[in-house]
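Student: These protein sequence lines map, in sequence, to chains A and B. Going by the working numbering, the letters in the first sequence line up with residues 1 to 143, in that order. Going by the working numbering, the letters in the second sequence line up with residues 1001 to 1203, in that order.
Read the hints as simulated data drawn from the structure, not as lab findings. Be aware that one or more of the hints could be misleading.
[What the hints assert, rightly or not] Pair by pair, the computed Cβ-Cβ distance ranges are:
no.: 1; chain 1: B; residue 1: His1076; chain 2: A; residue 2: Glu120; range: 41 to 47 Å
no.: 2; chain 1: A; residue 1: Asp104; chain 2: B; residue 2: Leu1158; range: 22 to 28 Å
no.: 3; chain 1: B; residue 1: Ala1188; chain 2: A; residue 2: Glu120; range: 46 to 52 Å
no.: 4; chain 1: B; residue 1: Ser1114; chain 2: A; residue 2: Phe129; range: 50 to 56 Å
no.: 5; chain 1: A; residue 1: Gln24; chain 2: B; residue 2: Lys1110; range: 32 to 38 Å
no.: 6; chain 1: A; residue 1: Asn77; chain 2: B; residue 2: Ile1131; range: 47 to 53 Å
no.: 7; chain 1: B; residue 1: Trp1012; chain 2: A; residue 2: Glu139; range: 26 to 32 Å
no.: 8; chain 1: A; residue 1: Asp104; chain 2: B; residue 2: His1076; range: 19 to 25 Å
no.: 9; chain 1: A; residue 1: Tyr118; chain 2: B; residue 2: Thr1134; range: 20 to 26 Å
no.: 10; chain 1: A; residue 1: Gly8; chain 2: B; residue 2: Tyr1073; range: 40 to 46 Å
no.: 11; chain 1: A; residue 1: Phe129; chain 2: B; residue 2: Leu1184; range: 25 to 31 Å
C-beta atoms are modelled at their ideal positions from N, C-alpha and C, and glycine is treated no differently.
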Amino acid sequence: MRRKNIIGWLVLLIVIMSGIGGLQFLIHSTETHISSIEEPIITTMRIHGDDWIIEYSSATTNNTVYTLLLECASEYNFTIGSTFWQGYNAVFINSINGAINNADGNNLWWQYYVNGGYGEVGCDKKEIFDGDFVEWKYEKAQQ
Amino acid sequence: MIEKKVKMLIDWRKLCMAIGLIMIGVLGRILLLSYANIETVMVVALLSGCLLGGIYCVFVPVTVMALTDWYIYTYHYHSAFTPNTILGITLFTWSGFVIAGFLGSSLKRKVVCSPTYVGIITGMGVIATLIYDTWTAFGWWYIVYPHTTDNLRLVYTLQLPFTLYHLMSTIIFVPIISIPIIYLWKHAHLISMNDAEPVESAA
Chain A
1 MRRKNIIGWL
11 VLLIVIMSGI
21 GGLQFLIHST
31 ETHISSIEEP
41 IITTMRIHGD
51 DWIIEYSSAT
61 TNNTVYTLLL
71 ECASEYNFTI
81 GSTFWQGYNA
91 VFINSINGAI
101 NNADGNNLWW
111 QYYVNGGYGE
121 VGCDKKEIFD
131 GDFVEWKYEK
141 AQQ
Chain B
1001 MIEKKVKMLI
1011 DWRKLCMAIG
1021 LIMIGVLGRI
1031 LLLSYANIET
1041 VMVVALLSGC
1051 LLGGIYCVFV
1061 PVTVMALTDW
1071 YIYTYHYHSA
1081 FTPNTILGIT
1091 LFTWSGFVIA
1101 GFLGSSLKRK
1111 VVCSPTYVGI
1121 ITGMGVIATL
1131 IYDTWTAFGW
1141 WYIVYPHTTD
1151 NLRLVYTLQL
1161 PFTLYHLMST
1171 IIFVPIISIP
1181 IIYLWKHAHL
1191 ISMNDAEPVE
1201 SAA
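For reference, chain A alone in the conformation it holds in the complex:
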């Protein structure tokens, strides 16, 4: 009986350790620190506001959706509001050029697409490549 208990506790310990290992792996695998590269890439970005559009083409070394957006804002002199959500280890865009997420409860949010595909990770985690087309849309939360 005592031996069975010891084996049981050992199994539990293994379960806990594998949980810790799995968690470390998950955290490590979602960490990306790429924000700029040495060789420039050619990208195009289009930002659809509520009644305005900004188009931007660039040979850039900024290779995430977020850093490209910052570059565009700097180039055209408009503001970006963003929050780093520590819990999700990701940047969340609150506003672009004065258009604020869910302003007065309008349920319009800034969402991005790369080559037509919905951005499924934080914009600071989404790497872009030569020839990519990035779109920011101020729209209802949807694909």
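Let chain A serve as the given structure and place chain B on it in line with the hints.
Tutor: For chain B alone, kept in the frame of chain A given last:
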């Protein structure tokens, strides 16, 4: 006479354990706020069910969530959501943990500090986590997204990595926290007025 009736109605041992569980839940959620879905509310909800049962399945998780949500939405995410969105999200998250509490109460009989029992609670924790994430992701879709099946699929796809985090959290914290708490519950005589004064003599 009134004092005796109060003694009969309030099980102080349970109340002390509930307060202890609430403290663990609140501290764990606040201290681990930097890590998405890594939390101690799930284990606290399960233990409130399997050790205390009854109204505590609701009281413990709801108190933990009320205290921590107040802190989180006031000091961290205050600008991210409207009051209506927050109200909707809390409705799903709080009820999700209450469901976990009721799942825990199904293990209330024969509480023992054994590896088998802790293993069963951990297994129940995994089930509760899957139900909780399914329920709250549905809530997120219902509150934020236009109600289409494509959006529902999208929400569940985006939820997947966070469910993995949540499962790891459950696998780690349920056994680590359950073992000392169950041991205390079974062996240490906490403040227990019912133990000191049996119900029969009080009546």
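Student: State for each hint whether it applies.
Tutor: Status of each hint after checking the structure:
no., hint, verdict
1, His1076(B) to Glu120(A): 41 to 47 Å, "violated, 23 Å"
2, Asp104(A) to Leu1158(B): 22 to 28 Å, "holds, 26 Å"
3, Ala1188(B) to Glu120(A): 46 to 52 Å, "holds, 48 Å"
4, Ser1114(B) to Phe129(A): 50 to 56 Å, "holds, 55 Å"
5, Gln24(A) to Lys1110(B): 32 to 38 Å, "holds, 35 Å"
6, Asn77(A) to Ile1131(B): 47 to 53 Å, "holds, 50 Å"
7, Trp1012(B) to Glu139(A): 26 to 32 Å, "violated, 55 Å"
8, Asp104(A) to His1076(B): 19 to 25 Å, "holds, 23 Å"
9, Tyr118(A) to Thr1134(B): 20 to 26 Å, "holds, 21 Å"
10, Gly8(A) to Tyr1073(B): 40 to 46 Å, "holds, 41 Å"
11, Phe129(A) to Leu1184(B): 25 to 31 Å, "violated, 56 Å"
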